[in-house]
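J.: Please arrange chain B on chain A, whose structure you already have, making use of the hints.
One-letter residues, chain by chain:
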Amino acid sequence: MDHRVYADNAATTKLSERALQAMMPCLTTIFGNASSIYTEGAASRKIIDKARETFAQCLGVKNPNEIYFLSGGSEADNFAIKGAAELMLKKGKKHIISTRFEHHAVLHTLEYLEKHGFEVTLLDVHENGIVRPEEFEAAIREDTGLATIMFANNEIGTIQPIKELASIAKKHGVLFHTDAVQAVGTIPVNIEDLGVDMLSLSAHKFHGPKGVGAIYIKKGIRLPNLIHGGAQERGYRAGTENIAGIAGAAEALKESCEVMQERNARLERLRDKLIDSLLKIERSRINGDRIHRLPGNVNMCFEGVEGEAMLLCLDLQGVAASSGSACTSGSLDPSHVLLAIGLPHEIAHGSVRLTFSTETTEEDIDHIISVLPPIIKRLRDMSPLWEKIVNG
Amino acid sequence: MAYSEKVMDHFANPRNVGEMEDADGIGEVGNSKCGDIMKMYIKVRDDIITDVSFKTFGCGAAIATSSMATELVKGHSIKEALQLTNKAVMEALDGLPPVKVHCSVLAEQAIKAAVSDYYEKQGIDPKDIVGEIPEPIECHLED
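Sequence lines, in order, name chains A and B.
Each position in the first sequence, counted from 1, maps to that position plus 802 in my numbering.
Each position in the second sequence, counted from 1, maps to that position plus 605 in my numbering.
One chain only, chain A, in its complex shape (with noise of 0.2 Å):
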């Protein structure tokens, strides 16, 4: 096949060779269970304490043990909501505070509880895609006992203003956790300086191993138990670690971490070029503010055409690239995170998300500007709603 441009790092990012080297040592030579005593045991446990070190220090987290092990995203976001729901309800809160856009790990998990009688709100976004403050504050009522609300969107990239949004939290006495899996190795995450309770990552997010995640519980906060069976995690977590991933997942966040600013600065320069070329295309549009996003996202809409369409088209370039989030793709009704910053059914129907990473060349960039406006022409001609459009 020719060259392949892999534009959708938000879905997943490919394992960098410093985590490849760091776990082959864990699916070779060091196989002992971290729980014995004896020297093979030792051997992997050194390996999860050093990988705990190198999350805390690169997240600005003074205390490793903060920092839990586990299988991703949606587990970390699973646990960190349903585990908080169990502490409130000891105090008599059942009242939880949210995003119309949140990722379905948070949304679906909300809506379990709804059906246990725990009450949700669900904050607007606006047409930027940012909560405001002060809407924040005004949804919490003496029943809240926690808020949960990511740090940046997984579709269309906008950064939330999580410091303020915590410290009110603070203020009030609410929990505050933050679904941070698109943040986590993307952009500077100092949790401490945040101020935030919880906070979900994953590590395939940022060139580490799939199947491993963290989550950071400020100490104080005791949630029930996630898996019995075992002492793994200080009891939260019971199960044999997945050592490989653990040690995987540390040193792609130590690489990213290195080569975050020197990236970023290249990505925004890549990411507003290609936004700056797809606006000339007539009838498009960028979602989610231009300033506050993550560096490596274009989320953009074309009147007219169907994303699933223009995906294929891509494909057929070279393209790898999503409409609205992956695991939406199954589903008929366009992405919740469209409609949720105001854009009408059959403008999100017509979404494409690039997301770039460390992998992402100029010359990617290029291709994607020299391929996509054809085939935007290509669907709109034989598009009877493009018609529509144009002959009003």
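No lab work stands behind these hints: they were computed from the structure.
Please note that the accuracy of each hint is not assured.
Unchecked claim - Listed next, with one range per pair, are the computed distances between beta-carbon atoms:
1. B:Glu610 to A:Gly1120: 12 to 22 Å
2. B:Glu624 to A:His928: 32 to 42 Å
3. A:Asp1183 to B:Ile653: 26 to 36 Å
4. B:Ile653 to A:Thr814: 47 to 57 Å
5. B:Ala693 to A:Lys1179: 24 to 34 Å
6. B:Arg620 to A:Ala941: 47 to 57 Å
7. B:Gly700 to A:Ile1088: 35 to 45 Å
8. A:Gly975 to B:Glu610: 51 to 61 Å
9. B:Ser609 to A:Asp926: 34 to 44 Å
10. A:Ala941 to B:Glu676: 51 to 61 Å
11. B:Asp651 to A:Arg1092: 57 to 67 Å
Each residue gets a CB set at the ideal place from its N, CA and C atoms; glycine is no exception.
T.: Relative to the frame of chain A, chain B by itself:
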């Protein structure tokens, strides 16, 4: 979800695509809110569909089923065209993913809608011949 080679072929190289200036019947089904609109144009001589073309706004399956439906009715009698089922369109494409079955239903309906329009233009009530064309039920909208 993966499309068959035939679906991809009809998507990448759609047959009979484009507007028809002097169509004898034009049918349009679907709506933009659901993300699919199919428009079929037919030319009829002595009850035979001598030419057919389409324009479609929609996903890969919508474009491929439109294309295949035009192939299946071209040169056939109106009677035969009205017997075209969504299942036949799907089979001709070596199947569709379950979430895309509704596209084949739209393709069947688009042909029927074009035939209805043809009869209406001839001053013939199409109801008894073509029957009702129901709205596709697969598009559930929250609001």
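J.: Each of the hints needs a verdict: does it hold here or not?
T.: How the hints compare with the structure:
1. B:Glu610 to A:Gly1120: 12 to 22 Å: holds (18 Å)
2. B:Glu624 to A:His928: 32 to 42 Å: holds (40 Å)
3. A:Asp1183 to B:Ile653: 26 to 36 Å: holds (28 Å)
4. B:Ile653 to A:Thr814: 47 to 57 Å: holds (53 Å)
5. B:Ala693 to A:Lys1179: 24 to 34 Å: Roughly 32 Å apart at Cβ, these two residues keep to the hinted range, so it holds.
6. B:Arg620 to A:Ala941: 47 to 57 Å: Given range 47 to 57 Å: holds, Cβ gap about 55 Å.
7. B:Gly700 to A:Ile1088: 35 to 45 Å: holds (37 Å)
8. A:Gly975 to B:Glu610: 51 to 61 Å: The hint (51 to 61 Å, Cβ to Cβ) holds, given that glycine 975 of chain A and glutamate 610 of chain B are roughly 60 Å apart.
9. B:Ser609 to A:Asp926: 34 to 44 Å: holds (42 Å)
10. A:Ala941 to B:Glu676: 51 to 61 Å: holds (56 Å)
11. B:Asp651 to A:Arg1092: 57 to 67 Å: This hint holds: roughly 60 Å between Cβ atoms.
The structure meets every hint from the earlier list without exception.
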